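There are 2 protein chains.
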Amino acid sequence: MRYSHLVGKTKKEIQKDEVGISVQYLIRGGFIHKELAGVYALLPLGLRVANKIIEIIREEMVAIDGQELTMTAIQNPEPWKKSGRWEDSVVDIWFKTLLKNGSEVGLATTHEEPLTKLLSQQISSYKDLPLYVFQFQTKFRNEPRPRSGLLRAREFIMKDLYSFDLDKEEHEKYYERAKQAYIKIWERLGIGDQTYLTFASGGTFSKYSHEFQTLCENGEDTIYVDKKKKIAVNKEVFNDEVLKELGLKKEDLEEEKAIEVGNIFPLGTKYSDALGLTFTDEKGEKKPVIMGSYGIGIGRTMATIVELKHDDKGIIWPENISPYKVHLIGLNLDDEKVNKTVEDIYSKLLENKISILFDDRKEVTPGEKFADADLLGITYRAVVSLKTDGEIELKKRDEDKSEIISVVDFINILKK
Amino acid sequence: MRYSHLVGKTKKEIQKDEVGISVQYLIRGGFIHKELAGVYALLPLGLRVANKIIEIIREEMVAIDGQELTMTAIQNPEPWKKSGRWEDSVVDIWFKTLLKNGSEVGLATTHEEPLTKLLSQQISSYKDLPLYVFQFQTKFRNEPRPRSGLLRAREFIMKDLYSFDLDKEEHEKYYERAKQAYIKIWERLGIGDQTYLTFASGGTFSKYSHEFQTLCENGEDTIYVDKKKKIAVNKEVFNDEVLKELGLKKEDLEEEKAIEVGNIFPLGTKYSDALGLTFTDEKGEKKPVIMGSYGIGIGRTMATIVELKHDDKGIIWPENISPYKVHLIGLNLDDEKVNKTVEDIYSKLLENKISILFDDRKEVTPGEKFADADLLGITYRAVVSLKTDGEIELKKRDEDKSEIISVVDFINILKK
Numbered sequence: 119m120r121y122s123h124l125v126g127k128t129k130k131e132i133q134k135d136e137v138g139i140s141v142q143y144l145i146r147g148g149f150i151h152k153e154l155a156g157v158y159a160l161l162p163l164g165l166r167v168a169n170k171i172i173e174i175i176r177e178e179m180v181a182i183d184g185q186e187l188t189m190t191a192i193q194n195p196e197p198w199k200k201s202g203r204w205e206d207s208v209v210d211i212w213f214k215t216l217l218k219n220g221s222e223v224g225l226a227t228t229h230e231e232p233l234t235k236l237l238s239q240q241i242s243s244y245k246d247l248p249l250y251v252f253q254f255q256t257k258f259r260n261e262p263r264p265r266s267g268l269l270r271a272r273e274f275i276m277k278d279l280y281s282f283d284l285d286k287e288e289h290e291k292y293y294e295r296a297k298q299a300y301i302k303i304w305e306r307l308g309i310g311d312q313t314y315l316t317f318a319s320g321g322t323f324s325k326y327s328h329e330f331q332t333l334c335e336n337g338e339d340t341i342y343v344d345k346k347k348k349i350a351v352n353k354e355v356f357n358d359e360v361l362k363e364l365g366l367k368k369e370d371l372e373e374e375k376a377i378e379v380g381n382i383f384p385l386g387t388k389y390s391d392a393l394g395l396t397f398t399d400e401k402g403e404k405k406p407v408i409m410g411s412y413g414i415g416i417g418r419t420m421a422t423i424v425e426l427k428h429d430d431k432g433i434i435w436p437e438n439i440s441p442y443k444v445h446l447i448g449l450n451l452d453d454e455k456v457n458k459t460v461e462d463i464y465s466k467l468l469e470n471k472i473s474i475l476f477d478d479r480k481e482v483t484p485g486e487k488f489a490d491a492d493l494l495g496i497t498y499r500a501v502v503s504l505k506t507d508g509e510i511e512l513k514k515r516d517e518d519k520s521e522i523i524s525v526v527d528f529i530n531i532l533k534k
Numbered sequence: 119m120r121y122s123h124l125v126g127k128t129k130k131e132i133q134k135d136e137v138g139i140s141v142q143y144l145i146r147g148g149f150i151h152k153e154l155a156g157v158y159a160l161l162p163l164g165l166r167v168a169n170k171i172i173e174i175i176r177e178e179m180v181a182i183d184g185q186e187l188t189m190t191a192i193q194n195p196e197p198w199k200k201s202g203r204w205e206d207s208v209v210d211i212w213f214k215t216l217l218k219n220g221s222e223v224g225l226a227t228t229h230e231e232p233l234t235k236l237l238s239q240q241i242s243s244y245k246d247l248p249l250y251v252f253q254f255q256t257k258f259r260n261e262p263r264p265r266s267g268l269l270r271a272r273e274f275i276m277k278d279l280y281s282f283d284l285d286k287e288e289h290e291k292y293y294e295r296a297k298q299a300y301i302k303i304w305e306r307l308g309i310g311d312q313t314y315l316t317f318a319s320g321g322t323f324s325k326y327s328h329e330f331q332t333l334c335e336n337g338e339d340t341i342y343v344d345k346k347k348k349i350a351v352n353k354e355v356f357n358d359e360v361l362k363e364l365g366l367k368k369e370d371l372e373e374e375k376a377i378e379v380g381n382i383f384p385l386g387t388k389y390s391d392a393l394g395l396t397f398t399d400e401k402g403e404k405k406p407v408i409m410g411s412y413g414i415g416i417g418r419t420m421a422t423i424v425e426l427k428h429d430d431k432g433i434i435w436p437e438n439i440s441p442y443k444v445h446l447i448g449l450n451l452d453d454e455k456v457n458k459t460v461e462d463i464y465s466k467l468l469e470n471k472i473s474i475l476f477d478d479r480k481e482v483t484p485g486e487k488f489a490d491a492d493l494l495g496i497t498y499r500a501v502v503s504l505k506t507d508g509e510i511e512l513k514k515r516d517e518d519k520s521e522i523i524s525v526v527d528f529i530n531i532l533k534k
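So the protein sequences, as listed, match chains A and B.
All residue numbers for the first sequence refer to the working numbering, where the first residue is 119 and numbers rise by one.
All residue numbers for the second sequence refer to the working numbering, where the first residue is 119 and numbers rise by one.
Be a bit skeptical, because a hint or two may be false.
Copies of one chain are not kept apart here, so a pair can be met inside one copy or by any two copies together.
[To be verified] In silico BS3-like pairs for lysine-lysine, Cα to Cα no more than 25 Å straight-line:
(1) K302 with K170
(2) K152 with K170
(3) K471 with K170
(4) K170 with K514
(5) K199 with K214
(6) K480 with K404
(7) K127 with K245
(8) K443 with K458
(9) K245 with K130
(10) K129 with K405
(11) K218 with K199
(12) K471 with K513
(13) K487 with K127
(14) K534 with K471
(15) K346 with K325
(16) K480 with K401
(17) K405 with K127
(18) K218 with K152
(19) K257 with K218
(20) K302 with K471
(21) K388 with K405
(22) K257 with K152
(23) K257 with K170
(24) K214 with K152
(25) K480 with K505
(26) K214 with K257
(27) K427 with K443
(28) K471 with K533
Source of the hints: derived by calculation from the structure; they are not laboratory data.
For clarity, every value in this text was computed on a predicted model and none was experimentally measured.
So here's chain A without its partners, still in its complex pose:
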């Protein structure tokens, strides 16, 4: 892709009405565009990163037997009324709207109810279980105070997985698999070291739910972390009794700010009872299905990665979610020979199916190009100029040292 024609240019101005480094860098880098507070378009660079995050999560969800589907945004009120979650006094973040015939519908905040209803048409016998389904779907949450860009948005893509099991034992086995899958995801996304399995309040059917909290000064949550044991407790359940139960000692815990990047939640029979999702077991007895839900916000994850992976010049993307592999910068492009060289290198890299953003601008100073490359945070920066003499000056975003390298060697490095 030629930078001269990329939709989403860098901006110099600080975004005054936005708080936090991730939203600053993501807007200034041209990854996202603010439509309204809490409502952001994904520009080409941002969409590329989001899609890479999605693909990593998808692989791990398929690996734990998740079947992908896509539920709808427009919600029939009926199952929500049955579960008691339709009224704004119960769920205070609904967006609601009217059909032409005057009947009220909601915009999805989550999907327990419609999915439970859908599966009640499918599940009747123990032979139909277990079932695990997931989606990457747009959620709408009418946040009174959307905050910090993608960290708390009104509209965002969420990966939500739901588990449907025969009994508590099977549920707990799956819950553990999901937990491990989540840990893998944070590792693959480069935030594993800072992300803690955190005990949080569990609702009616389970003493605890689990959050995955990533340590970050700009986080909204307060957690108490045992860094040796690699677990944490959310402030909301932080008391002597809980600590005792979890075998944690107050003196081993540090208070930290953190971002909830994911959560896993045992739902028990709350929704299957409300919506009649039952099965007949081997003895012919009717039983409710045991459910769980497992969420990851894609935008929030992307923002959290930026909160952790940056310096004062810009973003430093982990290599596997870098929007492009290489940021190719052409300098001295008024020199015909240099111009031809860099164009040839660009073609050659494309032929080798290496993903490149090519800064081909002629009217921009080297300093500005370097600053833009630092802001965008693509893993490899490759400079071609009068000085490089047909070769490439290569530097990784997170290293200071550059080296001069031949095009052939460069391609070999990238193909590794």
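Fit chain B to the given chain A structure using the hints.
Relative to the frame of chain A, chain B by itself:
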């Protein structure tokens, strides 16, 4: 995927409140699930087909220099007020809703306004043009009479591309490229022969827009088709003057019902004037950008393919969008040897990365399995039973003849 655990089972019942063969087969086959009239979830089989359609369209949009992004569903009213399309009296299919602070927002019916506004921050010089952007994004249209399942829905994924050009000449060149890309898409989707470039009304800035209309009895539109010249005229502009201008003769035209699967629309400067999207040309003069928009509804395309590609037993998917390549049916599974054989074949096909739906159900008759296979319409049906003696009885969905073939030969056929 094992059919026994697939979410989305076949149904026998005719859907009484739905009109048209596509919605009947798609619901009965477990491809889609009705949440509300005009609002359908994509179940795993439906999502697989939709994703294959999306991938074909994406390739052709990238081939005509489209940059992919994702705009938002929630719409800031401001640019719509400037263009005059905010009021329900002008656009009568808006869904609107309220933020917590009481301000009204809309749900996207289309994206000319927000995109024009976004690009006005990016485009200033002739050097910034041309730009072509596209997305696969959920649209919301408050249809008073949603109809025939995916053919006219209230919520649906749309591919919309927008072109931004320097002048009329460049615009027309691109418009022609987009037209050719669309023709390629219909061909790749297997409906090229029945899909006609159709002249329709053009609005303020152009005499005509162009629809792509696919002949179908269940279609909502009436068109007049010259089958030799492969063009058509929509009833709305069908008059002597237009026929003369297009060089068409009344006697060569047939009246047909058709489904509008796509449209391409010259927008001129309507939105760039309203929203101040201008550039400075080489002489330093300020000029408005010339725009065009280019839409394809993904669900409607999927439904149209079913309307055309079916028989009285079910769907016949074109091979490149078949949800799986092979529908493997195990019969006589109570026989241990047969059961082992078919499980081995399933593993072997998976190892060879062949996509398979495996009907592993034990409690279902062969007749039901064959009926389900016909309904689902997967390209290859492979039967393993007592009779097949370690080999496979292979039949294509659109052929009557089957043949016995070794597993190795089968893999070779599929890998071609």
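Against which earlier hints does the structure fall short, listed by number upward?
-> The structure conflicts with no hint, since it agrees with every one listed earlier.
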